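Chains as they are written, first to last, in the working numbering: chain A, 26 to 127; chain B, 144 to 508; chain C, 110 to 281.
Please keep in mind that the hints were generated in silico from the structure rather than gathered at the bench.
This list has only true hints and no planted wrong ones.
The calculated SDA-like cross-link candidates involving lysine to any residue, where the alpha carbons are at most 20 Å apart (straight line), are:
id, chain 1, residue 1, chain 2, residue 2
1, B, Lys154, B, Phe235
2, C, Lys277, A, Glu99
3, B, Lys175, B, Met204
4, C, Lys277, A, Glu115
5, B, Lys175, B, Gly164
6, B, Lys484, C, Ile269
7, C, Lys277, A, Arg114
8, B, Lys484, C, Val273
9, B, Lys209, B, Gly164
If you're wondering where the values come from, they're calculated on a predicted model, not measured in any experiment.
Listed below are the residues making up each chain.
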Amino acid sequence: MNVAPISWFLILGAVLFTIGTIGVLVRRNVIVIFLSIELMLNAVNLVFVSFARQLHSMDGQVVVFFVMTVAAAEAAVGLAIILSVFRNRETVNVDELNLLRW
Amino acid sequence: MWIVIGIAAVKTLVVIAMVMGLAGTLGWIERKGSAYIQDRVGANRASVFGIAAAGLVNTIMADPLKFLTKEDVIPTGVDRLLHTLAPCVSLFPVLVAFAAIPFGDVLQVGGRDINLQAVSLNVGILFILAMLSLGVYGIVLGGWASNNRFSLLGGIRGSAQMISYEIGMGLSLVAMVMTFGTLDLQEMVRAQGHLIGGVLPAWGIIYQPLAFLIFLTAGIAESKRAPFDLPEAESELVAGYFTEYSGVKYLMYFMSDFIEIAVVAALVTTLFFGGWQIPYLLRDGFHFPWGTVALLPQAVVAVLQIVAFLLKVVFFCWVQVLIRWTLPRLRYDQLMAFGWKGLLPISLVNVLATAVVVLLLQASA
Amino acid sequence: MNPGLFCILAVLLVASALSVILQPSPIRSALSLVVTLFLLAVTFLLLDAQLIAALQVIVYAGAIVVLFLFVIMLLNLQEEPRVMARFGTQCAAVLLGSLFLLALVRFAVAPLRPPASAATAGMAAAVPPGFGSVATLANLLFTHFLLAFEITSVLLLVAIVGAVVLAKRRLV
Chain A
26 MNVAPISWFL ILGAVLFTIG TIGVLVRRNV IVIFLSIELM LNAVNLVFVS
76 FARQLHSMDG QVVVFFVMTV AAAEAAVGLA IILSVFRNRE TVNVDELNLL
126 RW
Chain B
144 MWIVIGIAAV KTLVVIAMVM GLAGTLGWIE RKGSAYIQDR VGANRASVFG
194 IAAAGLVNTI MADPLKFLTK EDVIPTGVDR LLHTLAPCVS LFPVLVAFAA
244 IPFGDVLQVG GRDINLQAVS LNVGILFILA MLSLGVYGIV LGGWASNNRF
294 SLLGGIRGSA QMISYEIGMG LSLVAMVMTF GTLDLQEMVR AQGHLIGGVL
344 PAWGIIYQPL AFLIFLTAGI AESKRAPFDL PEAESELVAG YFTEYSGVKY
394 LMYFMSDFIE IAVVAALVTT LFFGGWQIPY LLRDGFHFPW GTVALLPQAV
444 VAVLQIVAFL LKVVFFCWVQ VLIRWTLPRL RYDQLMAFGW KGLLPISLVN
494 VLATAVVVLL LQASA
Chain C
110 MNPGLFCILA VLLVASALSV ILQPSPIRSA LSLVVTLFLL AVTFLLLDAQ
160 LIAALQVIVY AGAIVVLFLF VIMLLNLQEE PRVMARFGTQ CAAVLLGSLF
210 LLALVRFAVA PLRPPASAAT AGMAAAVPPG FGSVATLANL LFTHFLLAFE
260 ITSVLLLVAI VGAVVLAKRR LV
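The whole structure should be built from the sequences, with the hints applied where relevant.
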């Protein structure tokens, strides 16, 4: 075999996605949680591009285009929220942002 | 296969030599040019055996040696990895951006056509945009890694300015892409070899004068040169984001500044002034519109084109030096207002107008 | 893509992704993310997705992560004493993560592993001309995906307005 089969790319995507998930669950800094979410989105992009290459269809790349756009919009709004929260609560540690807990 | 790798290596070395030569020449032009504009003599003290070569020895030999032998001061409390990484990250994109810029047409050697461009990319413009976007990191990291309030302020201001003017730059590039119908820089330069009405060379500035002005302004703002140099304002923020850097790291920041000037000049030349094109010079010689034909060997044509490219780039570097030492500095809020409320709407209108004209021409053709 | 090249890229990608979640300093996490995005852009280039690779560098590495760095710098976030959750939460997270990975590989990837010849068939075959180029993507974007394109532009407008409103200081 002289090319990497698609399953390798899918496993790599799954590993990156899992690393991102663990990052979201384990880290306490809101910004690093956001970075882990971006990592998850990028793992999904990798899977889409691999499938586009496997099936010789450009639809996968168009979906990646939209995922990137939505990620940009989400990052902008999310960081704006973090800024406002920081101004009020002086912290970005999720353990301390617990006003809405029961 | 080894021949292909060898050719690529030689082209890369040529581009690196060109870039370093341009950076050194630009340093000399800056010091001497600014001196003549300000009615003084400029740097001429350093000399070798009494030959000072009008400041060349000073700028090209003495200054780099001085920077290389100075002590590297790292302030306490900084992240050492980031402090060392920042100048490298600043230098990398501007050096690499030169790889996509064509410095000549083909060179026909031994039956093989060598494209005189370090890397032949069919998405050349996107590559340039990507490298310019990466230039922000040098500023951000330099400001953060200095453990210094003024550096941080300079870094934040600098990166905000760079990302604001990237948009105007990108939109003027979009207008050029629409005009020439391709993203490949070599194809764009070749398309500028046509003659309008058989007489006028079809250079980009004739099609897109407004995009030229927008691109030049945005490019000067991207490289944080005066009048947009508040992030490194010498009289306001000490030295802005590279206050805490000395020795080789300062030299790297300095060089990345100059190489970025060269990159902007090279892009302006490639997109708007025909790149390596000399009017009426085709691959086999001069073909004047009034009928005279002067045939030349292909190697001579290639050399002429490379020289023409370099002369045009040096000219636009000189234009940027001239602008720096003539115009006063913009205040930061004026700078941001100009970028967002001035350049962005104008470039959008330009894109719209270009689109309308292109569609009308396509419909009538 | 060459299997050897893929293995090198995969190792580097996993290393930089682990660096993103394990670094105590937020700036170093963000820089590790930039490295990851760069490596992914290289992977996209090798998968014949030139425009997507360029967009990855311009949009993700050149704008989104710069925005992150901006916020980190504005809030002046240094390293914190308590970086991660309690040890119990860490164990649970890693355990759940591994289970999730195993489930993904078993149920999503494995069924896609047809006989060896067919698995590489699509990847080994040459792509049609113009695959991954700007013109092809733009054609699709403005014909089949036009509605999504228009909605995305409205989404971006909403995001801009929202970010400006949320981040504005209240003028008391």
